[in-house]
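Protein chains: 2
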Amino acid sequence: MQLSHDTPASSSDGFVSELAALLPAGVVSVEEADLEAARADKCGHRAQGRPICVVHAGSVEDVQATLRFANERRIPVVPRGAGSGLAGGANTGTGEISLSLARMTRILEVNAADQLAVVEPGILNADLNAQLLEHGMWWAPDPASKAISSVGGNIATNAGGLLCTKYGVTREAVLALDVVLANGELIKVGHRTVKGVTGLDLAALMIGSEGTLGVIVGATVKLRPLVPGTVWTLGAFFPDERSAASACAAVTAAHQRPAIMELVSRVAVRMLARYTGDPMEGAFVLIQTDDNDAADVAEKIEAILLEHGGKVSRTDDPARADHLVQVRRQVHFAYESFGNVLVEDVAVPRSRLADMFDACNAIAEKYDVVIPISAHAGDGNLHPTFVFDGAEPSEAVWAAADEMFTTAIELGGTLTGEHGIGILKSRWLGQELGGTQLELQRQIKAVFDPNGILNPGKVFG
Amino acid sequence: MQLSHDTPASSSDGFVSELAALLPAGVVSVEEADLEAARADKCGHRAQGRPICVVHAGSVEDVQATLRFANERRIPVVPRGAGSGLAGGANTGTGEISLSLARMTRILEVNAADQLAVVEPGILNADLNAQLLEHGMWWAPDPASKAISSVGGNIATNAGGLLCTKYGVTREAVLALDVVLANGELIKVGHRTVKGVTGLDLAALMIGSEGTLGVIVGATVKLRPLVPGTVWTLGAFFPDERSAASACAAVTAAHQRPAIMELVSRVAVRMLARYTGDPMEGAFVLIQTDDNDAADVAEKIEAILLEHGGKVSRTDDPARADHLVQVRRQVHFAYESFGNVLVEDVAVPRSRLADMFDACNAIAEKYDVVIPISAHAGDGNLHPTFVFDGAEPSEAVWAAADEMFTTAIELGGTLTGEHGIGILKSRWLGQELGGTQLELQRQIKAVFDPNGILNPGKVFG
Chain A
1 MQLSHDTPAS SSDGFVSELA ALLPAGVVSV EEADLEAARA DKCGHRAQGR
51 PICVVHAGSV EDVQATLRFA NERRIPVVPR GAGSGLAGGA NTGTGEISLS
101 LARMTRILEV NAADQLAVVE PGILNADLNA QLLEHGMWWA PDPASKAISS
151 VGGNIATNAG GLLCTKYGVT REAVLALDVV LANGELIKVG HRTVKGVTGL
201 DLAALMIGSE GTLGVIVGAT VKLRPLVPGT VWTLGAFFPD ERSAASACAA
251 VTAAHQRPAI MELVSRVAVR MLARYTGDPM EGAFVLIQTD DNDAADVAEK
301 IEAILLEHGG KVSRTDDPAR ADHLVQVRRQ VHFAYESFGN VLVEDVAVPR
351 SRLADMFDAC NAIAEKYDVV IPISAHAGDG NLHPTFVFDG AEPSEAVWAA
401 ADEMFTTAIE LGGTLTGEHG IGILKSRWLG QELGGTQLEL QRQIKAVFDP
451 NGILNPGKVF G
Chain B
1 MQLSHDTPAS SSDGFVSELA ALLPAGVVSV EEADLEAARA DKCGHRAQGR
51 PICVVHAGSV EDVQATLRFA NERRIPVVPR GAGSGLAGGA NTGTGEISLS
101 LARMTRILEV NAADQLAVVE PGILNADLNA QLLEHGMWWA PDPASKAISS
151 VGGNIATNAG GLLCTKYGVT REAVLALDVV LANGELIKVG HRTVKGVTGL
201 DLAALMIGSE GTLGVIVGAT VKLRPLVPGT VWTLGAFFPD ERSAASACAA
251 VTAAHQRPAI MELVSRVAVR MLARYTGDPM EGAFVLIQTD DNDAADVAEK
301 IEAILLEHGG KVSRTDDPAR ADHLVQVRRQ VHFAYESFGN VLVEDVAVPR
351 SRLADMFDAC NAIAEKYDVV IPISAHAGDG NLHPTFVFDG AEPSEAVWAA
401 ADEMFTTAIE LGGTLTGEHG IGILKSRWLG QELGGTQLEL QRQIKAVFDP
451 NGILNPGKVF G
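Order-wise, the sequence lines are chains A and B. Heads up, the first sequence is in full-length UniProt numbering, so the first residue is 1 and it goes up one at a time. Heads up, the second sequence is in full-length UniProt numbering, so the first residue is 1 and it goes up one at a time.
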């Protein structure tokens, strides 16, 4: 039976059995746990209602069949990787199908000569990197979530992370993509080669498009040889964020290129001290250097940090290094011990980092909210985090977020450095892009998805 | 007087005086020399007829006024940088306006703290880099044409060059763009920050779009600190292309990262020997290493080249190095001493480099044409060059080119690594992209340029 295109999505039971008949057994789920899980990612917000079903795609063909089916019937489809997103991009609610790629985890090829791998989208970033070790290579994208986030999700959000200043964001680490379009057709975009300029760069367009243009079902990723040498780690406490940021800026100005350069605010350090019981105070800078000149670079950086008033530790001992790294890594757990959290993701030009810290501190005071901050100081990306009581952020939190976004844009920055727009930030998108560009983006979306079934309501509102 | 939209473009005298009245004195030119120059780039092919006029834009406003005017009247506009393209992308003929950005050469900002510069599009790559020296920084895109090619043109073709394996293509060196749309509106795409994922990546979409989507009037480019240390240079002759390519592959497999790794074919070396009178024979590999470990890496690479049967020279003496570098740099002049040239630009995965050399040699024999080749062996990009008598390539040359493109695609490669599609390769575009992707690209073009005035006939045919 061919259903009318006007059949309302509420006739979902019929849809589910029809769709299930098109797919292998076990692919379509209406299990309560599956439906509940599909409502949310890690952003602390969940969709209204539950999806019609969850499709656990096991193959490209499963994705194609699902999209053909949904496109004919105008049923919204929300692609989903590992569900580790921080902007609600994969949240799926009433009347929608959650299309999970989490079972598609194969590595189809590792090619040492071409320094590339071909993978399915559901493989976790850390699992891919673990398997690349034996080939002496790695995939550089390094979101803090890499143990739990998928390669497909990293691509869909153009994930960043700690290593970006030195090793680039995800866009720089993807050569080509296999994409299933809204109508179920499979296309290959990008190149298997290092270079290629045949027409428009649709691979770059797909990267960071958050499931609004197509579903990534395969990725040809660019690998790097493992970095040789011993990693050196520096930790330094400063009187305040401005002095810490100045020290970081001086490292950049001296043309030193650490692998990692992070900054944790005083409020965040204070929360961590209470959480761990370790006495700590000040704004904390964590730096790691790598490659054959790691020791030399670490020494030069130490001198810069000392000059700027830092209390510095420098080590290549793994246990001591881990102790310093944990100051950065543990802050999120510390935040969660004080309430619910909403992680923001503004980015500013590196020269405005101190100004953005000051602005966030002023906003915290003005709205009487708690905003600890960790930042990727090497690239200007801050994660001011609202810590609040109750299930949902208060009006004050949203007002503070609004002012924070406006400030970031005024400083020449952006709403989101690496998490994406998803559902949480779509209302501010036009403010950053301007009306003309937003309209162009919407029209491009319509070229790929004329019926508007792919992740509707996300990004473009 | 508002002209009717249906006014044929042949009423060009009226258009010219109308347009000239909208722009500052001296901007609109109908000088014979200007019109003739606008017909061609460096690809060896010229447009039918001459353009209506050449607009020498001196400002963003000039570009906006020209496009508003042309869009209302449906007059085709062909954006042009320095005219150094190799695919005919800027060739302008009958009924078209040539919109030159060559006078817009200012550097508006160099920001050391943010490691970026804001420039107008007409500045030459080499001029920008010369001015960046005093800031201790450089812009990495490195097309062989950098002394005569503009930053805007590099961006419009996603230019590559010799340094790409280590330092990336142009896409990796651009943060944000100011773009005038077909209707004259100015938009800003991309981010001034290192990271940013607000909606679709229209900056990446513009890069390599060859003037079909908009006119780049400003670029925020990503700078790098100057690379320290002394450059080491290696030159090596091998019995044939296959052994030379194997040696290059072994360098990559050993995870050595030279700055430059080039391969010149036996035919090219033979032509160079006749051109210069220097006795030389074999396939030539040129390698340069840089950074603090340059000497060490050069030694390791020398051992690999020797193992693979190369006759190797290694030096850090500038004069001796230059002698080796000239083997690569002079080949094009050698070709031109034997006839007219058509430079191709296929790229293949690095593991297929030797296969592509073999295929080109077989094609040369089959069609009885002369095809010397230089290649960026570090990234798999080959420039097989047809050297022919007469003004235009023969049927045999086009048939050989056709087979070469098909072979490159079959080997997992592409029609064009760094020159673009322009006018010369548009008939093969669909073969590489497939019908569905080509149609998507055309629809995206229509979103940006609904009246089809921007570089019509180029890229998409």
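Treat the hints with care, since some could be wrong.
Any copy, or any two copies together, can satisfy a pair, since identical chains are not distinguished.
[As the list claims (entries may be wrong)] Pairs of lysine to aspartate or glutamate, DMTMM-like flavour, derived with a Cα cap of 20 Å: (1) Lys222 - Asp296; (2) Lys188 - Asp293; (3) Lys222 - Asp358; (4) Lys188 - Glu439; (5) Lys188 - Glu410; (6) Lys311 - Asp402; (7) Lys366 - Glu36.
Derived by calculation from the structure, the hints in this document are not laboratory data. Predicted model, so just to flag it, every value in this text is computed and none were measured.
Within, between, both or neither: lysine 188, glutamate 439 at alpha-carbon 20 Å: Between. Shortest inter-copy distance 13 Å satisfies the 20 Å Cα cut-off; intra-copy 26 Å does not.
message: If the cut is 20 Å between Cα atoms, do lysine 188 and aspartate 293 qualify within a copy, between copies, both or neither?
response: Neither. Shortest intra-copy (40 Å) and inter-copy (39 Å) distances fail the 20 Å Cα cut-off.
query: When no copy is specified for lysine 366 and glutamate 36, does a C-alpha distance of 20 Å or less occur within a copy, between copies, both, or neither?
result: neither (37 Å within a copy, 65 Å between copies)
- prompt: Is it within, between, both, or neither for lysine 188 and glutamate 410, if the alpha carbons may be no more than 20 Å apart?
  reply: between (38 Å within a copy, 14 Å between copies)
query: Checking lysine 222 and aspartate 296: alpha-carbon separation at most 20 Å within a copy, between copies, both or neither?
result: neither (29 Å within a copy, 26 Å between copies)
message: When Cα atoms must be at most 20 Å apart, do lysine 311 and aspartate 402 count as within-copy, between-copy, both, or neither?
response: neither (35 Å within a copy, 66 Å between copies)
- request: Please work out whether the CA atoms of lysine 222 and aspartate 358 approach to 20 Å or closer within one copy, between two copies, in both situations, or in neither?
  value: Classified as neither: same-chain Cα gap 38 Å, cross-chain 26 Å, threshold 20 Å.
This entry does not satisfy hints 1, 2, 3, 6, 7, going by the numbered hints stated previously.
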